[in-house]
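Given these sequences and hints, build the entire structure.
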Amino acid sequence: MSHSNYQPKNSVLAWIERRLPIFGFMHGSFVAYPVPRNLNYWWTFGGILSFMLGVQIITGVVLVMHYTPTSLEAFNSVEKIMRDVNYGWLLRYIHANGASMFFLAVYIHIFRGLYYGSYKEPREVLWILGVIIFILMMATAFMGYVLPWGQMSFWAATVITNLFSAIPVFGKSITQFLWGGYSVDEPTLQRFFALHYLLPFMIAGVVVLHIWALHHVGQGNPAGIDVKSDRDTVPFTPYATVKDNFALICFMILFAWFVFYIPNYLGHPDNYIPANPLQTPPHIVPEWYFLPFYAILRAIPNKLLGVVALFSSIIVLAFLPWLDTSKVRSARFRPLYKQFFWVLVVTCVGLGYLGSQPAEGIYVIVARILTAYYFLHFLVILPVLGYFETPKPLPKSISEPVLGKSGVAVGIGARAPRKN
Amino acid sequence: MSKTVTTEPTRRDFLYIATASVGAVGAAAVAWPIISSMNPDASVLAMSSTEVDLTPIAEGQIITVKWQGKPVFISHRTKKEIQEAENVKLSELPDPQPDSARVKKGKEEWLVVIGICTHLGCVPLGHEGEYGGWFCPCHGSVYDTSGRIRKGPAPLNLALPPYEFTSDKAIKIG
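Chains as they are written, first to last, in our numbering: chain A, 1 to 420; chain B, 1 to 174.
Fair warning: there could be bad hints in the mix.
What the hints assert, rightly or not - In silico DSSO-like links for lysine-lysine, alpha-carbon gap of 27 angstroms or less:
#1 A/Lys243 to A/Lys228
#2 B/Lys172 to B/Lys105
#3 B/Lys79 to A/Lys172
#4 A/Lys172 to B/Lys104
#5 B/Lys172 to B/Lys66
#6 A/Lys172 to B/Lys169
#7 B/Lys151 to A/Lys172
As the list claims (entries may be wrong) - From chain A, some residues computed to sit far from chain B (all C-beta separations above 12 angstroms):
#8 Val159
#9 Phe177
#10 Leu178
#11 Leu199
#12 Ile211
#13 Ala359
If you're looking for bench data, these hints aren't it; they were derived computationally from the structure.
Ideal placement from N, C-alpha and C gives every residue a C-beta, glycine not left out.
Now the structure itself:
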C-alpha cells in the first residue's frame, strides 16, 4: 500500500505518526502515489464524483435542519426552505441539481470504464464496487426525490415501489412492507427520509473500498497496458492533483450555471403541487438520469418481465469483466469494439429520449429495438467479439510513445519516487 | 509441523458450532423486531374500514372515496354500462371474469373497485378510454365499465375491495 517513507518534520506530527501512521498513509496515497503519465481528462471524474458526494452530504445535512418529514408538513417545510431560510434556495438548488451533476459525472465515469476496459483483470472487484455504488446512488436519489412530497414525489414513490408488486406470490406483502401501510403514505415518507440520510454514508464507505482497490491494483490508463517501470508514472502531486482540480473547476462552472441560471430546468413543475393520493398527474416521468431504465421497463409489455429487464440492465454491468472476452483493455487498440462502444452510447442516449416520451406508437417499437440491442451488446457482442477481433499492436510501454525508446525525458515530466 | 488427523469432530468443533449457532439465533432475534417494525402499524390497521352513503351519487356518476389510504371508485352505472359489461365475451378479456362476479347480486348498478391501476399503481381516470370505463394516464391501460383490463400493460382487472351493503343505500368497505 505504502508508496513513501514519509516522516513528518514537525515533532508533534512525528509523535502522532509513530502511534498512528496517518500522515505517511495520506502522503503515500495522495502525494507520492504513482499515476500513469498518460492519463487524460476522462480520468478526472473520480475526483469530481468524490467532490459531488461531499457537496450532497454537506448541503443535505444543513437542509435536514429545516425539513419536516411528515405528510402534512414536508411540502410546506421545503417551501419554507425556499422562501424563509437564509440561503435556503441556494442550498436546495445545489442539492437538487447536485444529484443531476452527480449522475452526469457517474455516467461519464462508467462510459470511460467501458471504453478503456477498466473492468478487466485485475480490476474486477474495483469495477463491481463501482456498480454497487451506482445502485446505492440510484436508491438514494430516488428516495431524496420523494422527500419534497409533491405530486411527482408521491407518484414516483408509488410507481417505483409497485415494481416490487411484480414479484410472484410475495409481491403484495413486500410492497406493504416497503410502504408501512396499504399505500404510499406518511410511514413511507419517514422511512425514505431515514434511508436517504443513511445511504450516502454507505456510499462513502463503499467509495473507500473502491479507492482502496484502485490504489492496490493501480490505475488503468488510456493505453490499457500495465505500468512497467517508474518511467511510466508521475507522482500524484502535483500532476494528478492539478489536473483533477482543473477539471473539477470546469465541472463546477457547469454546475453553477444550472444552480444559478436554470435551477428548475431538470425538474418537473408538477412537483410544486402538493402530493394528492387521489389524482395522478397526466404525464409522469422520472428524473432524466433514470429515463433509459424507465424506457426499458416500459418497452416490455409484460409487467414482471419489464421489471426483470429493468433490474437486469443494471446487474449485467457487474458481470462485464467475464462477458468481455478480449484480453486487450483499451478501445484504442480494438477497432471493432470501438464502433460497438459508440453504438451503445447512442443506444443509451436514445433510450433516455424514449423514456421521456409517452409510451405509445413508434416510441414503444423503437424502445423495444434499443432495449434488445442493449442486452445484445453485453450478452452476445462482447463475448463473441473477443474471439473475432484482431487488435492493433500494443505499445511496449506507457512511456515509449511519449519519451521514445531511449527513455530520456523530453523536457517535461518527473519520475515518481521509487517504490519501497 | 505436526499433523493432527481427526476422524471425528472434536469437542472443540462442537463448541465452535454451538457458539456460532447461538450467535445466529441471537442475531435473528434482534433483527426480528427491527424488521417487523416496518410493517403497517396498529393505527394504520385500525383505519381499515370506510362507510359510504350512496344516496347522493347520481346515475352515471363515479365518486372516489379513500379506504386504507387508497382511492376506491364507486360507480353508479347506467343501464347501458351494465349491459356493455355483461355482454362481453370472456374470451376477449386478458383477465377473464364475468361482470356478475364483480358486483353484488341485485345491486348491479353499483360497481365498487380499488382505483389503482394494476400495472404500477397510478390512479386511472373515470369515463375515459375506448371502453367507457377507466384510462390510466401513466402507461395507457384501458379498463371497461366493469373495471376489467382490456388493453395496455396492466395484467389484472381493477381489484375489488371487500365490502357489504349495510342498508339499501349504504356500504361499508373493509
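Here is what the structure says about each hint:
no. : hint                 : result
1   : A/Lys243 to A/Lys228 : holds (23 angstroms)
2   : B/Lys172 to B/Lys105 : holds (16 angstroms)
3   : B/Lys79 to A/Lys172  : violated (35 angstroms)
4   : A/Lys172 to B/Lys104 : holds (25 angstroms)
5   : B/Lys172 to B/Lys66  : holds (12 angstroms)
6   : A/Lys172 to B/Lys169 : violated (32 angstroms)
7   : B/Lys151 to A/Lys172 : holds (23 angstroms)
8   : Val159               : violated (4 angstroms)
9   : Phe177               : violated (6 angstroms)
10  : Leu178               : violated (8 angstroms)
11  : Leu199               : holds (16 angstroms)
12  : Ile211               : holds (30 angstroms)
13  : Ala359               : violated (5 angstroms)
Checked against the numbered hints given earlier, this structure breaks hints 3, 6, 8, 9, 10, 13; the rest are met.
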